[in-house]
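Start from the sequences, fold in the hints, and give me the full structure.
Protein chains: 2
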Amino acid sequence: MGCSVSETQKLIMLPGPTNVPPRVMRAMIKPLMGHRGPDFKEILSQVINKTKKVFQTKEDLFVLTTSGTGATECALQNIIEDGDKIIVNVNGFFSERLAEAIKAYGGQPLVVSSEWGKAPRTEDFRKIIKANPDAKALSVVYNETSTGVTVRSLQEIGKLCEEEDILLIVDAISILGGDKLPVDEWNVDMCVTASQKCMMCPPGLSFVSVSPKAWEKISVKKQHRSFYLDLPMYKKYMGDGFTPFTPAVSLFYALNEACDMILEEGLPARFARHQICADAVYGAMEALGLGLMAEPESRSHTVAAVACPSGIEDGKLRELIRTKYGIDLGGSLEKWKGKMFRIGIMGNIGSPEIMSTVSAVASATADLGFKGRISEALEAARKALARLPARMN
Amino acid sequence: MGCSVSETQKLIMLPGPTNVPPRVMRAMIKPLMGHRGPDFKEILSQVINKTKKVFQTKEDLFVLTTSGTGATECALQNIIEDGDKIIVNVNGFFSERLAEAIKAYGGQPLVVSSEWGKAPRTEDFRKIIKANPDAKALSVVYNETSTGVTVRSLQEIGKLCEEEDILLIVDAISILGGDKLPVDEWNVDMCVTASQKCMMCPPGLSFVSVSPKAWEKISVKKQHRSFYLDLPMYKKYMGDGFTPFTPAVSLFYALNEACDMILEEGLPARFARHQICADAVYGAMEALGLGLMAEPESRSHTVAAVACPSGIEDGKLRELIRTKYGIDLGGSLEKWKGKMFRIGIMGNIGSPEIMSTVSAVASATADLGFKGRISEALEAARKALARLPARMN
Numbered sequence: 004m005g006c007s008v009s010e011t012q013k014l015i016m017l018p019g020p021t022n023v024p025p026r027v028m029r030a031m032i033k034p035l036m037g038h039r040g041p042d043f044k045e046i047l048s049q050v051i052n053k054t055k056k057v058f059q060t061k062e063d064l065f066v067l068t069t070s071g072t073g074a075t076e077c078a079l080q081n082i083i084e085d086g087d088k089i090i091v092n093v094n095g096f097f098s099e100r101l102a103e104a105i106k107a108y109g110g111q112p113l114v115v116s117s118e119w120g121k122a123p124r125t126e127d128f129r130k131i132i133k134a135n136p137d138a139k140a141l142s143v144v145y146n147e148t149s150t151g152v153t154v155r156s157l158q159e160i161g162k163l164c165e166e167e168d169i170l171l172i173v174d175a176i177s178i179l180g181g182d183k184l185p186v187d188e189w190n191v192d193m194c195v196t197a198s199q200k201c202m203m204c205p206p207g208l209s210f211v212s213v214s215p216k217a218w219e220k221i222s223v224k225k226q227h228r229s230f231y232l233d234l235p236m237y238k239k240y241m242g243d244g245f246t247p248f249t250p251a252v253s254l255f256y257a258l259n260e261a262c263d264m265i266l267e268e269g270l271p272a273r274f275a276r277h278q279i280c281a282d283a284v285y286g287a288m289e290a291l292g293l294g295l296m297a298e299p300e301s302r303s304h305t306v307a308a309v310a311c312p313s314g315i316e317d318g319k320l321r322e323l324i325r326t327k328y329g330i331d332l333g334g335s336l337e338k339w340k341g342k343m344f345r346i347g348i349m350g351n352i353g354s355p356e357i358m359s360t361v362s363a364v365a366s367a368t369a370d371l372g373f374k375g376r377i378s379e380a381l382e383a384a385r386k387a388l389a390r391l392p393a394r395m396n
Numbered sequence: 004m005g006c007s008v009s010e011t012q013k014l015i016m017l018p019g020p021t022n023v024p025p026r027v028m029r030a031m032i033k034p035l036m037g038h039r040g041p042d043f044k045e046i047l048s049q050v051i052n053k054t055k056k057v058f059q060t061k062e063d064l065f066v067l068t069t070s071g072t073g074a075t076e077c078a079l080q081n082i083i084e085d086g087d088k089i090i091v092n093v094n095g096f097f098s099e100r101l102a103e104a105i106k107a108y109g110g111q112p113l114v115v116s117s118e119w120g121k122a123p124r125t126e127d128f129r130k131i132i133k134a135n136p137d138a139k140a141l142s143v144v145y146n147e148t149s150t151g152v153t154v155r156s157l158q159e160i161g162k163l164c165e166e167e168d169i170l171l172i173v174d175a176i177s178i179l180g181g182d183k184l185p186v187d188e189w190n191v192d193m194c195v196t197a198s199q200k201c202m203m204c205p206p207g208l209s210f211v212s213v214s215p216k217a218w219e220k221i222s223v224k225k226q227h228r229s230f231y232l233d234l235p236m237y238k239k240y241m242g243d244g245f246t247p248f249t250p251a252v253s254l255f256y257a258l259n260e261a262c263d264m265i266l267e268e269g270l271p272a273r274f275a276r277h278q279i280c281a282d283a284v285y286g287a288m289e290a291l292g293l294g295l296m297a298e299p300e301s302r303s304h305t306v307a308a309v310a311c312p313s314g315i316e317d318g319k320l321r322e323l324i325r326t327k328y329g330i331d332l333g334g335s336l337e338k339w340k341g342k343m344f345r346i347g348i349m350g351n352i353g354s355p356e357i358m359s360t361v362s363a364v365a366s367a368t369a370d371l372g373f374k375g376r377i378s379e380a381l382e383a384a385r386k387a388l389a390r391l392p393a394r395m396n
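Taken in order, these protein sequences are the chains called A and B. According to my numbering, the stretch in the first sequence is residues 4 to 396, in order. According to my numbering, the stretch in the second sequence is residues 4 to 396, in order.
Hints in this document: simulated from the structure, not taken from any laboratory. One or more of the hints may lead you astray.
Which copy? The list can't say, so a pair holds if one copy fits it or any two copies do.
Said to hold, decoys possible - DSS-like, lysine-lysine: derived pairs with alpha carbons at most 30 Å apart:
#: 1; residue 1: LYS55; residue 2: LYS386
#: 2; residue 1: LYS239; residue 2: LYS106
#: 3; residue 1: LYS33; residue 2: LYS53
#: 4; residue 1: LYS130; residue 2: LYS44
#: 5; residue 1: LYS33; residue 2: LYS162
#: 6; residue 1: LYS130; residue 2: LYS53
#: 7; residue 1: LYS340; residue 2: LYS238
#: 8; residue 1: LYS56; residue 2: LYS216
#: 9; residue 1: LYS44; residue 2: LYS342
#: 10; residue 1: LYS220; residue 2: LYS183
So, in C-alpha cells, the structure goes:
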C-alpha cells in the first residue's frame, strides 16, 4: 500500500501525519457507539492498557482528543502556577514554541540553549538546576522535529532530575513508539505524544502520562483554569472507566488497532526497524552528496533533516517531489527556512517507502540540476534496508 | 443502514454520538495528507465555506480538534478577563457546567436560573443586564441536552443583546444543523457546536464562530493563557489557509462530506425533518402513556426527554433496550437521575430509526411490566412520520 502512488494516494513521508496502515483505517469505520456505555468503556480500557505498554509505564495515562500541542498544554498547565520556574531546552522551532507556551501559562522559562542541529548537554541542565533550586520542572523536547535532533542523554537527564527532585516533563511527540523511551525506568514524570506520528494513527488524539510525583504537584495547584485539559477531572472520570468529555470514538478504534500492531511487532523490533530505515535515509542522502543538518551523535531515527543542494530551495524541491514523484516531504522552518527538508521515518515504514523516497529525492535533485551520486545513494539505502526482517502488515 | 441491528451495528439514538451516514464514513478513510500542503489547504477552505453556510454566518468560523467542551472553553477563555461578569442561564446539567466553567476561567457567572425542564425568560435576562450594565457577555445554552429544552426566545435574546451592546455567546452543541439558528441574523457573536451531533460526523471536531464585535473584545484581552485554544493564533494561521496545530485530517474529510449532505438536503428541509421526527417521538411517548420532561413550548427537536414509567429506573430500561433491542438511548443526569431517559433525534434520522426506537421503548417498558398503549404509540409515530419526504441518503 505504502508506495503506490495515484491521484488519491500519495506516500506521505512527513514528520506527521504519516501513512496509516489499512488495518487501522478499517478499524476506524466501525459504527459509532455511545461514549458512556459498557462497549466504549471496554475499548477505552483496552486502549489505555495497550498504550501504557507502548509508553512502558505502569502509572496513569490519559488519551485526549487534541493534537500533540493540546497534550503539551495539558501537561504544563496542570503543573505551572504563576511565576513557576520551568527549565527548558531550546534547540529548534518546537522547543522554542514550548518555551513560549510556558510563558503563556504563567511560568518563567529558564532556557538551556543549544545550536539548531545539536542536543543540549546534561551538564548545562545540572548547572541551571544548581543555580535555581526552586525550579519546579525540567521540560525536554526529546526529539526536535524541526531539526531531526534526538536528546540521546535523556536517561541521564532522568537520573539528574531524580537526584535533584525536580519533575521531568518530556515532549516525545515525534518519537514515542519509534525509539527507546521507557517512561518509568527513565524517571519521566509526564510524557506527551500524539497519535499521528510513530503511533500510526490519523491525527486527533494525544497522550499524557502522569507519575505519582507529578500528581503531588498537580493536586496542590491552586487554580485549574482549563476544564477541557484538567487532569484531576480526567482522573476522576477514568476512575469510572470514562473520559470527562466526548472522545473522538472513531480515532479510539483506530488507536486500539494500531496498538495491537505495535505490540505484535514488539517494541525492540520496532525501534530497530526505525533505526535501520533512518540509517538507510542518512546513508543514501550522504552518498548522494547532500549534507545532514543534525550532529552525528544526535541524529533522529524518526525524522531526518537533510540540507538542500546549494542554490535549490526546499519549497521548490518538495513541490517537484510531491507533484512529479507523489511523495510528501517535510519543509524547513524559521532559521533554516529554504535551506533544508525533512523526511519523516515514522510508524508504517519499511523498504518500499524508503527506497521510493530516496529514489524521488535523487531524481528530483537531478531534475533541478544537482549532480548527485545516484547509484551510490540507492545502493546505500538498499544495503541498510537489507537488514530489515520480513514485513508484517 | 440505520435500523439494521447486529453484533457490530447498534442504532445509536443518543444525544451524540449519532449514526454516521456510510457516505461520511467512506470519506473518512481517504489516505492521510500533510496539513501544511496545498491539498489540505483546499479541503480546509471548502470545509470552512460549507460550515459557514450551515451556521448562516459570513463572519469568521474556526474548526478545532476538540470535543464541544473544548470549543466552549475556546469561546469563553478568549473573552473572559479575571473578574468579568458573564450572564448565564442555568436550567440543566450542561448549563450548570457552563456556569462552573466561567468561574474556572476567572469570570464571575451571573446566573439566571430556571427550573429543569423550563427555558429562561428574556425578561429575566433584561433585568440582570439592567442591574449589571458592566456585564461583558450573555451566554446561553440554546438546547439543554440534559433536559431536552430549547430556548425558543433566542432571537429575542439576540435583539436584547444588540440593544444593550453585550456579547451573545451561544452553546449550540446539541442543536446546530438540526434547528433554526441563523447566527448573523440573530446577532450571535460566538456560536459553538460539535461534529457528532446534528452535523452527522464522528466526534472529535468542534466549531466556534466569531463576530467582529467579539473580535473587539478578544483583541484587547491582556493575557491569553492557552496556546491550543487561542483564537488570535487560529485567525493568523487561517489567514494563510491553515490551522495552527495538526488538525484531525480524517475527521475533516468526514466533515466535508457531511456538509455536502447537509447542504444538498437544505437547511429548511433538514429542520423540518428533525421537527417531524421529534413530533413522532413526543406523540408516541405520550400516546404510550409516558410523561415528557420539558414544558410544551420549549421541547427540543433534537433531543427528547421522556419520564420513566413509575418504579422503573432509566438504567434498567436502557440496558434492556440496548441488549435486547439493539438501540442506545441517553441516560438521566444529576437531579433527574433514574427518573427519565433521552432520545437523540440528530442528523441521520428518519422513519426507520424513529419507528424502531418507539417500538423498542414500547416493548421494553412492557417487558418491565408497564401497561402502555402500544398500538396508539406506534400509530402516533407512523402518522407524524408520514409527513417526511422521500429519504435522500
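For LYS55 vs LYS386, is the C-alpha pair at or below 30 Å within one copy, between two copies, both, or neither?
Neither way: LYS55 and LYS386 sit 35 Å apart in one copy and 53 Å across, limit 30 Å.
Tell me, please, which holds for LYS220 and LYS183 at an alpha-carbon limit of 30 Å: within, between, both or neither?
Result: close within a single copy only, 27 Å intra versus 47 Å inter.
Within a copy, between copies, both or neither: which one fits LYS130 and LYS53 at a CA-CA cutoff of 30 Å?
Classified as neither; 38 Å inside a copy, 55 Å across copies.
Under a CA distance limit of 30 Å, which applies to LYS239 and LYS106: within one copy, between copies, both, or neither?
This pair counts as both: shortest intra-copy Cα distance 28 Å, inter-copy 20 Å.
Cα distance capped at 30 Å. Does LYS33 pair with LYS53 within a copy, between copies, both, or neither?
both (19 Å within a copy, 26 Å between copies)
Since the copies are identical, ignore which copy is meant and state whether LYS33 and LYS162 lie within 30 Å (CA to CA) inside a copy, between copies, both or neither.
Cα proximity of LYS33 and LYS162: none, with 44 Å in one copy and 44 Å across.
With identical chains, the pair LYS56 and LYS216 could be close in the same copy or across copies; at 30 Å between alpha carbons, which is it: within, between, both, or neither?
Close inside one copy (20 Å), not across copies (49 Å); limit 30 Å.
Within a copy, between copies, both or neither: which one fits LYS130 and LYS44 at a CA-CA cutoff of 30 Å?
So LYS130 and LYS44 fail the 30 Å test inside a copy (46 Å) and across (45 Å) alike.
Can you tell me if LYS44 and LYS342 fall within 30 Å by alpha carbon in one copy, between copies, both or neither?
between (48 Å within a copy, 23 Å between copies)
Is the C-alpha distance from LYS340 to LYS238 at most 30 Å within one copy, between copies, in both cases, or in neither?
between (42 Å within a copy, 23 Å between copies)
Checked against the numbered hints above, the structure breaks hints 1, 4, 5, 6 and satisfies the rest.
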